[in-house]
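Novice: Since the structure of chain A is already known, use the hints to place chain B on it.
Chains as they are written, first to last, in numbering that gives the first Met the number 0: chain A, 0 to 368; chain B, 0 to 384.
What the hints contain is simulated information worked out from the structure, not anything from laboratory work. Fair warning: this is a prediction, and the values are worked out from it, not measured in the lab. Warning: the hint list may mix true and false statements.
[What the hints assert, rightly or not] Examples of chain B residues lying across from chain A (beta carbon under 8 angstroms, computed):
#, residue
1, 164
2, 167
3, 168
4, 170
5, 171
6, 305
7, 322
8, 327
9, 341
10, 344
11, 347
12, 348
[As the list claims (entries may be wrong)] Below, in silico cross-link-like pairs of lysine to any residue (SDA-like), each with a Cα-Cα straight-line distance of 25 angstroms or less:
#, chain 1, residue 1, chain 2, residue 2
13, B, 165, A, 201
14, B, 15, B, 306
15, B, 165, B, 155
16, A, 201, A, 54
17, B, 165, B, 322
18, B, 165, A, 54
We put the CB at the ideal spot given by N, CA and C, even for glycine.
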Amino acid sequence: MELLDELSALSRAVSVHGEEGELARLLGWRWSMWLDEWRQDRLGNFIGLVRGSGPGPRPRVLAAAHLDGVGLMVTRIEEGGFLRVTAVGGADRRHLLGQQVEVRGRRRLTGIIGAKPPHLTTPEERKTLPPFEELYVDLGLPEDEVREAVPPGTAVLCRQEVSALRNGRVAGSHLDNTAGLAVMGLAVRELFRLRDAPGRRKLAGLREEAGFPDFYAVGTVGEETGRFPGATAAAFGLEPDIAIAVDVTYGALPGEDDPTGTFALESGPTVGIGPNCHPGLTTFLRETAAGAGIALGLEVLPGNSGTDAWVMQTARGGIPTAVLSVPLRYMHTPVETVSLADLRDAGRLLALAAAGFTPELARSVTSQW
Amino acid sequence: MSAKPTATPAQDPALKDVLAALVRAYGPSGREADAAAVIAGLIGPYVDETRADALGNLIATRSPRPPDPGDREGLVDRKAPADRKAPADRKAPEPTDGRGPDGPQRIMLAAHMDTPGLLVTDITKEGLLRWSPVGTLRVTHLPGRVVTNRQGVSGVIGLQDDVEPKDLAPGKMVIDLGVAGAEEARARTAIGDFFVLRPELADLGDRIAGPGLDNRAGCAALVEVARRLAARPDACRHTVHFVFTVQGAIAPRGVRPATFGLEPDLALAVDVSAARSGAASGAKGSDIQIGRGPVVRIKDATYVAPAPVRELLERSAAEAGVPFQLEVLPPGADHSDAAGAELARAGVPAGMVGLPARHRGTPAEMVSLDDVRALVDLVSGLLLS
Numbered sequence: 000m001e002l003l004d005e006l007s008a009l010s011r012a013v014s015v016h017g018e019e020g021e022l023a024r025l026l027g028w029r030w031s032m033w034l035d036e037w038r039q040d041r042l043g044n045f046i047g048l049v050r051g052s053g054p055g056p057r058p059r060v061l062a063a064a065h066l067d068g069v070g071l072m073v074t075r076i077e078e079g080g081f082l083r084v085t086a087v088g089g090a091d092r093r094h095l096l097g098q099q100v101e102v103r104g105r106r107r108l109t110g111i112i113g114a115k116p117p118h119l120t121t122p123e124e125r126k127t128l129p130p131f132e133e134l135y136v137d138l139g140l141p142e143d144e145v146r147e148a149v150p151p152g153t154a155v156l157c158r159q160e161v162s163a164l165r166n167g168r169v170a171g172s173h174l175d176n177t178a179g180l181a182v183m184g185l186a187v188r189e190l191f192r193l194r195d196a197p198g199r200r201k202l203a204g205l206r207e208e209a210g211f212p213d214f215y216a217v218g219t220v221g222e223e224t225g226r227f228p229g230a231t232a233a234a235f236g237l238e239p240d241i242a243i244a245v246d247v248t249y250g251a252l253p254g255e256d257d258p259t260g261t262f263a264l265e266s267g268p269t270v271g272i273g274p275n276c277h278p279g280l281t282t283f284l285r286e287t288a289a290g291a292g293i294a295l296g297l298e299v300l301p302g303n304s305g306t307d308a309w310v311m312q313t314a315r316g317g318i319p320t321a322v323l324s325v326p327l328r329y330m331h332t333p334v335e336t337v338s339l340a341d342l343r344d345a346g347r348l349l350a351l352a353a354a355g356f357t358p359e360l361a362r363s364v365t366s367q368w
Numbered sequence: 000m001s002a003k004p005t006a007t008p009a010q011d012p013a014l015k016d017v018l019a020a021l022v023r024a025y026g027p028s029g030r031e032a033d034a035a036a037v038i039a040g041l042i043g044p045y046v047d048e049t050r051a052d053a054l055g056n057l058i059a060t061r062s063p064r065p066p067d068p069g070d071r072e073g074l075v076d077r078k079a080p081a082d083r084k085a086p087a088d089r090k091a092p093e094p095t096d097g098r099g100p101d102g103p104q105r106i107m108l109a110a111h112m113d114t115p116g117l118l119v120t121d122i123t124k125e126g127l128l129r130w131s132p133v134g135t136l137r138v139t140h141l142p143g144r145v146v147t148n149r150q151g152v153s154g155v156i157g158l159q160d161d162v163e164p165k166d167l168a169p170g171k172m173v174i175d176l177g178v179a180g181a182e183e184a185r186a187r188t189a190i191g192d193f194f195v196l197r198p199e200l201a202d203l204g205d206r207i208a209g210p211g212l213d214n215r216a217g218c219a220a221l222v223e224v225a226r227r228l229a230a231r232p233d234a235c236r237h238t239v240h241f242v243f244t245v246q247g248a249i250a251p252r253g254v255r256p257a258t259f260g261l262e263p264d265l266a267l268a269v270d271v272s273a274a275r276s277g278a279a280s281g282a283k284g285s286d287i288q289i290g291r292g293p294v295v296r297i298k299d300a301t302y303v304a305p306a307p308v309r310e311l312l313e314r315s316a317a318e319a320g321v322p323f324q325l326e327v328l329p330p331g332a333d334h335s336d337a338a339g340a341e342l343a344r345a346g347v348p349a350g351m352v353g354l355p356a357r358h359r360g361t362p363a364e365m366v367s368l369d370d371v372r373a374l375v376d377l378v379s380g381l382l383l384s
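The shape of chain A in the complex, shown without the other chains:
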């Protein structure tokens, strides 16, 4: 599989919460040959299963990467056919001015978010950003046509094609969280191969007789809203033994290179440490990474991790959770940047950890608080 193609195809299908269906079905098409089954649940989560081997009941591993991206939504149509918008999730006003946007109404339209020419702004205006209420989308269409094609609630997305930079780095819109989805996709393929190839299992250092857990690859809805409805429902419904949120973290950039809060591209994936991260499970991930020669950063998450792990941890009677991330620069802009090498390492680590999650580990790892 070409990882760049995967990121590019998935990113084109991303929309805001409420409209994750297209991406969920795309995952089904792209991954179906490695999955034993897949479906969408009642909230629209994508749920794929790589069935394990060995006697039941087998341990269940849930990996969750969110489907939804940040974007805008039309609140109403102004006289003249201009669209007023509001944010869904943490869309950033700073990069909206002067952007071309995709308007997903009854038909797909291209719009632009304009800005006053600098010649007409006051010195004061040049120092501030207009609030959301002052932004509008210009479709260049007459008002009656706009009213016909764009009802309130229409999603508006800043879409930038994912393209290759040098050095195995790629940039584009909505890599948060198609990067996480692609990591999960790599793990699905690797688990499929490990399960059906004893030689490969041995090479990976897995015990022959240990059996193989069921692996649920879940694409969740609504993560960017901060309420995490998809992860809440999936963790309840699938009742996993462990749950791993696969997401992105802050890539280091000039001026923001604090090693405790940002992570250099190509320095490997990161694992979260903090109250939202089960210590036994986190240690298991670190040991697995060390055993496979994968560099792994430590991301300190002192409270709500801001990921699906936050609600999966408290589903049912409590589920041990971990947060696995890849560094990403320029988060929530249309030029999010990741390194393919970090994605490959994260995918391999997720697969090895899932494959190595034996029933004995399910008992011992998750009892270490």
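Specialist: Chain B alone, transformed into the frame defined by chain A:
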């Protein structure tokens, strides 16, 4: 759906009577029992069973009659889209208890029944009550208002001298019971007592105004829906749970355990949506107006309507011939019971239909009876075959 219910003039007084009875019922967030009793009395004749759950949610249930073998199309389309192209043997079975996606469903209609209140936090030595707001009360509208507690003890909201309007805050206001001192005050109230705005309804013709119409108007709409179903006993094939939830004015709290217990296939919250208040107009949010029909909420603070639920509501409105307004709110804005219901168990498809109301959070929340009737048309049209 052939059964477009029509409102006849003879129903109008009844709807106003129901609203008046509901506005009078005492029920701030956390103390909803009296309101629940009033609602149980109103809806009782139209349902098979009413009960309260452990948190105080009132659950009124109407079962289908006669029992249906299950040939009805599912309301929310959960079938695989035609273009999914997954081999049948690869599709995991839907979690099911035998009803299946096409059979009669369990539908929950939820309206929060609590209102904002004033919680007594301290009694000064002069006998004045310090208080803290529970739920959303606009402080600008409070000084000089009459409030009462459950026992009918009245007081007025007094404002500290020399407070500029821009500095208004609950801490600068007291509840003055007109008593001589702390001892007399303690005979009438206590720390932890809840006062509410004096329940008075202004009858403005088609429109009415009063405190707590958010969400007693929604409760009245559910009572009307129940009456419509009872008037055509064989027409609804679904089990319908009318749930009057607690603590909805604070956050979608009461609805979660109720949804957990009922395991519905679809949950619809009926609540109030902020409408433009006449003269005031700004560029913020949606352009919701009173008198233009019910609201279908697409997005609020954190909730976004799932596409199938949104389609169901828009289709039902069209089939019932009801005009409706689409509502999109900015982050940090409002919430409804839909956001809580959705998170129960392995997820419940949830939607919100709203009644536009002007002057929310004031003692004169205003709704249109035409909007209430149109909302009832929409919801009962969805339930009746």
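Novice: All hints are to be evaluated individually against the structure, with a verdict given for each.
Specialist: Do the hints match the structure? See the list:
{"no.": "1", "hint": "164", "result": "violated (24 angstroms)"}
{"no.": "2", "hint": "167", "result": "violated (25 angstroms)"}
{"no.": "3", "hint": "168", "result": "violated (25 angstroms)"}
{"no.": "4", "hint": "170", "result": "violated (29 angstroms)"}
{"no.": "5", "hint": "171", "result": "violated (30 angstroms)"}
{"no.": "6", "hint": "305", "result": "holds (6 angstroms)"}
{"no.": "7", "hint": "322", "result": "violated (14 angstroms)"}
{"no.": "8", "hint": "327", "result": "holds (4 angstroms)"}
{"no.": "9", "hint": "341", "result": "holds (5 angstroms)"}
{"no.": "10", "hint": "344", "result": "holds (6 angstroms)"}
{"no.": "11", "hint": "347", "result": "holds (7 angstroms)"}
{"no.": "12", "hint": "348", "result": "holds (6 angstroms)"}
{"no.": "13", "hint": "B:165 <-> A:201", "result": "violated (73 angstroms)"}
{"no.": "14", "hint": "B:15 <-> B:306", "result": "violated (35 angstroms)"}
{"no.": "15", "hint": "B:165 <-> B:155", "result": "holds (21 angstroms)"}
{"no.": "16", "hint": "A:201 <-> A:54", "result": "holds (20 angstroms)"}
{"no.": "17", "hint": "B:165 <-> B:322", "result": "violated (39 angstroms)"}
{"no.": "18", "hint": "B:165 <-> A:54", "result": "violated (70 angstroms)"}
Consistency note: the structure conflicts with the earlier hints numbered 1, 2, 3, 4, 5, 7, 13, 14, 17 and 18.
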